[in-house]
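Please build the complete structure, drawing on both the sequences and the hints.
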Amino acid sequence: MGGIGFIIYIVFLVGIMYLLVFLPQRKREKKMREMINSLKVGDKVVTIGGVYGKVINIKDDEITLETGIEKTKLTLKNWAIKEADKPIEA
Numbered sequence: 064m065g066g067i068g069f070i071i072y073i074v075f076l077v078g079i080m081y082l083l084v085f086l087p088q089r090k091r092e093k094k095m096r097e098m099i100n101s102l103k104v105g106d107k108v109v110t111i112g113g114v115y116g117k118v119i120n121i122k123d124d125e126i127t128l129e130t131g132i133e134k135t136k137l138t139l140k141n142w143a144i145k146e147a148d149k150p151i152e153a
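Letter by letter, the sequence shown follows residues 64 to 153 in this note's numbering.
In short, the hints are calculated from the structure, not lab data. Take these hints with a grain of salt, some might be off.
DSSO-like cross-link-like pairs, simulated, lysine-lysine; straight-line CA separation at most 30 angstroms [claimed, not checked]:
(1) Lys134 - Lys90
(2) Lys93 - Lys140
(3) Lys117 - Lys136
(4) Lys107 - Lys93
Derived CB-CB ranges, DEER-like [said to hold, decoys possible]:
(5) Glu97 - Gly65: 14 to 24 angstroms
(6) Glu97 - Val77: 24 to 34 angstroms
(7) Glu97 - Gly131: 22 to 32 angstroms
(8) Glu125 - Val74: 40 to 50 angstroms
(9) Thr138 - Gly66: 57 to 67 angstroms
(10) Gly78 - Asn120: 41 to 51 angstroms
This one's a predicted model, so the numbers in the text were calculated from it and none came from an experiment. Where a beta carbon is used, it is the ideal one built from N, C-alpha and C, also for glycine.
Set out below in structure tokens:
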């Protein structure tokens with residue numbers, strides 16, 4: 064009986080760990096993918112390096128940003144986008 068109780072206890076702990084760690088992580092990843100897939104030219108974004116810019120081109124898995132006063136262009140992989148600030152639609 065003791066062995067079965069221990070196995071049930073381990074399965075219970077693994078289930079709790081899944082609910083507390085893996086499920087929220089999957090939700091965050093899904094939300095991030097949706098945000099990246101919904102980006103459009105003109106959206107303002109922040110990269111994982113802290114660079115603020117405006118999306119000027121989207122091609123496959125690369126995004127080109129325009130940043131700074133001199134309008135410097137940066138081409139980044141789409142996974143380098145941390146967050147997006149959508150323009151206000153009138």
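Evaluation of the provided hints:
{"no.": "1", "hint": "Lys134 - Lys90", "verdict": "35 angstroms, violated"}
{"no.": "2", "hint": "Lys93 - Lys140", "verdict": "17 angstroms, holds"}
{"no.": "3", "hint": "Lys117 - Lys136", "verdict": "9 angstroms, holds"}
{"no.": "4", "hint": "Lys107 - Lys93", "verdict": "20 angstroms, holds"}
{"no.": "5", "hint": "Glu97 - Gly65: 14 to 24 angstroms", "verdict": "47 angstroms, violated"}
{"no.": "6", "hint": "Glu97 - Val77: 24 to 34 angstroms", "verdict": "29 angstroms, holds"}
{"no.": "7", "hint": "Glu97 - Gly131: 22 to 32 angstroms", "verdict": "28 angstroms, holds"}
{"no.": "8", "hint": "Glu125 - Val74: 40 to 50 angstroms", "verdict": "44 angstroms, holds"}
{"no.": "9", "hint": "Thr138 - Gly66: 57 to 67 angstroms", "verdict": "58 angstroms, holds"}
{"no.": "10", "hint": "Gly78 - Asn120: 41 to 51 angstroms", "verdict": "45 angstroms, holds"}
Hints 1, 5, counting from the list given before, are not met by this structure.
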